[in-house]
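Enquirer: Sequence:
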Amino acid sequence: MRLSKGILLFLFLNTACSSSGQDFQSFSNGGRAAAIKAYNQADAEKAYQLFDALWQNESTPQDDRLEAGRYLVKLNFRQFDNPQMALEIIDELIKEEQDVSLAYTLKARVLSELGKYNEATSWAEKAVETSTSEIQHIKAAFIYGKSVLLQAREEMLSSGELSENMRSKLASAHQKLGEWLNARQDNSDLARLYLGHSIFLENGEEALEAWRLFFRLKERDVIHPSLMKDYEVFEKALKGISPGNVENDKIIIKGLAESGFVEYAYMMANLKLGEDAFKDQSIREVVKYYDYLGRLDKTIISFYRRTVKGWGQQQDLQDGFTKDSRWLWDQLEWPGRKPSYSQSQFIKTVAEQFKGRILFNRVSGFYGLHVGQIILDDRRLISQYDQSAEFRYILLDHMLSNGYTTWFADGENSVGGWATTQGYFVQVRADLNREITGVWSLLKDPSERRKMESQIERMSVNEERMLQSQPVRYLPGLQLRILLSESQKIVDSLEHSGLKGDALRYAFITHMERIGQDSKIYAHEGRHSIDMKYGLVSGSANLEYTAKLSEIYFSEKPLFFLATILSSNMGNGTSHGDANQRVFENLVKWMETNSAEIPGFDTSKPTMLQLEKLTDRLLKKAIRSLDPMAN
31 MRLSKGILLF LFLNTACSSS GQDFQSFSNG GRAAAIKAYN QADAEKAYQL
81 FDALWQNEST PQDDRLEAGR YLVKLNFRQF DNPQMALEII DELIKEEQDV
131 SLAYTLKARV LSELGKYNEA TSWAEKAVET STSEIQHIKA AFIYGKSVLL
181 QAREEMLSSG ELSENMRSKL ASAHQKLGEW LNARQDNSDL ARLYLGHSIF
231 LENGEEALEA WRLFFRLKER DVIHPSLMKD YEVFEKALKG ISPGNVENDK
281 IIIKGLAESG FVEYAYMMAN LKLGEDAFKD QSIREVVKYY DYLGRLDKTI
331 ISFYRRTVKG WGQQQDLQDG FTKDSRWLWD QLEWPGRKPS YSQSQFIKTV
381 AEQFKGRILF NRVSGFYGLH VGQIILDDRR LISQYDQSAE FRYILLDHML
431 SNGYTTWFAD GENSVGGWAT TQGYFVQVRA DLNREITGVW SLLKDPSERR
481 KMESQIERMS VNEERMLQSQ PVRYLPGLQL RILLSESQKI VDSLEHSGLK
531 GDALRYAFIT HMERIGQDSK IYAHEGRHSI DMKYGLVSGS ANLEYTAKLS
581 EIYFSEKPLF FLATILSSNM GNGTSHGDAN QRVFENLVKW METNSAEIPG
631 FDTSKPTMLQ LEKLTDRLLK KAIRSLDPMA N
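My numbering puts the first residue of the sequence shown at 31, with every later residue one more than the last.
Source of the hints: derived by calculation from the structure; they are not laboratory data. Glycine included, each C-beta is placed from N, C-alpha and C at the ideal position. Among the hints, erroneous ones may be present.
What the hints assert, rightly or not - Calculated pairs, EDC-like style, for lysine to aspartate or glutamate (alpha carbon to alpha carbon, straight line, at most 20 Å):
{"#": "1", "residue 1": "378", "residue 2": "416"}
{"#": "2", "residue 1": "67", "residue 2": "516"}
{"#": "3", "residue 1": "266", "residue 2": "315"}
As the list claims (entries may be wrong) - If you anchor each label on the Cβ, the simulated ranges turn out as follows:
{"#": "4", "residue 1": "479", "residue 2": "529", "range": "49 to 57 Å"}
{"#": "5", "residue 1": "526", "residue 2": "353", "range": "53 to 61 Å"}
{"#": "6", "residue 1": "235", "residue 2": "627", "range": "41 to 49 Å"}
{"#": "7", "residue 1": "452", "residue 2": "515", "range": "38 to 46 Å"}
Put together the whole structure using the sequences plus the hints.
Expert: Next comes the structure, spelled out in C-alpha cells:
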C-alpha cells in the first residue's frame, strides 16, 4: 500500500512540522518540530505532552503557541474524546487569536459534531465573516453548510418532515453555498453540500448542476458506465423532481445511491417516500445499507480511540465488523436460499450490490479499515521501459474510513491508494481534491503566500550546518522551496497561455490533478503492478524504491515529485522512509559523479542544497540510471 503524505496541500501546510525555524535541534528538545513529528507519527500521548508544553509556556513564540492550542483542540476532541476540554481551549484561542476565524471554525466544527447545530451555524457564520484567506473561508463555509444540512436531516428523521423554519434556514444556506460554489466550481466539498441542500429543497436543476460539478463533468463529457449506467434517465428525473411523483423519486434515489451518495439517497427516501420507501426492494436495501454504514462508523471510531490509548487489538475490529456485517447480511434479500455468511462473501456482495469497497489493512503499523464508494472502475495498461502490466483502476470517494492514520491526522495525512497482486489499484479521490484547492490558495492569496514564504525562510536557517553531520537528510526548507517554485512555474505557464481569473484557477487545479494522478497513481502504482507481475523486485522497501523512481521519471514535473518524497520519514525504518532515503543517497552520488554536467554546480557546497540546479532532463537521466529495470 502507498501512504500518501498529502502530496500537495499537506506538504505545503505541514512541512514546517519538521523545523522550529530557530534550529533543527528542536527535534530533540521538545519544541514545535518534535510535537508535530509525534502527531504525524500518530503518537497521541507524546504529541499532547509536547503541544501542551508549548501552549502553557508563555515564552513560546505566539504563532507557535496558538498553533499548539489548535492541535490540542483536535487531540482532545478527536483522539481523546474530551469535547469539553476542546471547547475550553477554543475559548482561550478566541481571546488570543488575531486571526480569529481559525478558532471560530474550530468551535463551529466541535459544536456541529456534538449535534449543537444552531450554535455551530452561528459560529461558522462568524468564521466566514472574519476569514482573511481563501483557505479559511472554504473551511468555514463547509462547516456552515454541513451544520445546516445535518440539522435538517435530524429534524426530518425525528418528525418525518421539515418545519417552515428549517426550510427557511436551508434556503438561506443554499443561497450562500450557491454563491460560494459559483466562485469555486472546482471545490467538490462545496458541490457535495450544495447537492444535499438542493435535494431537501427539491430544486432539481441546481441538484443536477451540483452533481456534475462534484464529478468535474463538463457539458459534453461522457458519463462512465461504472459511475452510472443510465445517466439520461437520472438527469430527466432530477430535473423533473416535484411533490407526489413517487416513480420519479425512486429513479433519483437509486441514481444517488449508484453514484455514491448513499446518505442523500437515504435522506430522500425518508423525506419523499416515508414508509413507501420500504415497498421497493432496492431502495429498502439502500436504506439498510446506510444504517449499516452508521453502525460500522461507530465501531471503527471506537476501535480507533482504543488504539490511541494502546488498547486496540486487531481482533477487536474484526469482531465489531463481523457483528455489524452479519446484521446487514440478515437484512438483505436473496432470490433463493440465503447463503452462509463469510467475510469474503460479504465484502464481495457489498461491492456488487452497493458499489462499496471494504479493505482491512495495516498502515505505518496501525490496523484499520478502508470503506468507501466506487465512483469509477476502469481498466488501464501501464507501460514503463520495456515492461507493461494490465490492471484495474478503481476510484473511491465518499469515504467512511480511510484507515487509522488518515483518521488520526484528520485527513491531512492520508492513504492515497494501493496496488494489489491481482493487478489493480485503488485511488482515494476526496483528499487530493482538497489538497490542490489549498495549494492554489497558498499561491494566489497574498496573506497565505507571505506566511508560507516567512515559514520557508525560518526553516532554511542552518541547512549547511545540518548537512555537515549527515550529508543526505530531510530539509523542510529545501522541500518547500522546490514545491513552491515548481507550482508557481505551472501557474506562470497557464497565465502565459492567456488564462486568468476563475478559468486560470480551474485550469491549475485540473492540471495538478492530472499530473498528480499520472505520477502518484499511474507511474507509482503501475510500477508496483509491473514489479509484482514479473517478480522483478522483492521486499517492500525495494518495491517502494523502484516505484518512487518511476513516479519521478515518468512525471511531467520530475523535480516537483522528487520534492514530494523529500520527507520527514527518510530513513526511519519503514519501507517508504527507507526508500526515500535511498533515492536521495543515490541521487547525491550521481550528482557528485556527474557534477560537470550540472550548470552552476559548486563542489564547495553541500550537494543536497543543489538539487534545484537539476534540469528536468538531467534529473530524468539520473533517475533512469538508478532504475534496475531501465538498465
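Enquirer: For each hint, tell me whether it holds in the structure or not.
Expert: Status of each hint after checking the structure:
1. 378 - 416: Violated: residue 378 and residue 416 sit about 35 Å apart, past 20 Å.
2. 67 - 516: violated (25 Å)
3. 266 - 315: violated (24 Å)
4. 479 - 529: 49 to 57 Å: Between residue 479 and residue 529, where Cβ atoms are some 19 Å apart, the hint is violated.
5. 526 - 353: 53 to 61 Å: Holds: the Cβ-Cβ distance is about 59 Å, inside 53 to 61 Å.
6. 235 - 627: 41 to 49 Å: violated (59 Å)
7. 452 - 515: 38 to 46 Å: holds (40 Å)
In summary, the numbered hints that this structure violates are 1, 2, 3, 4, 6.
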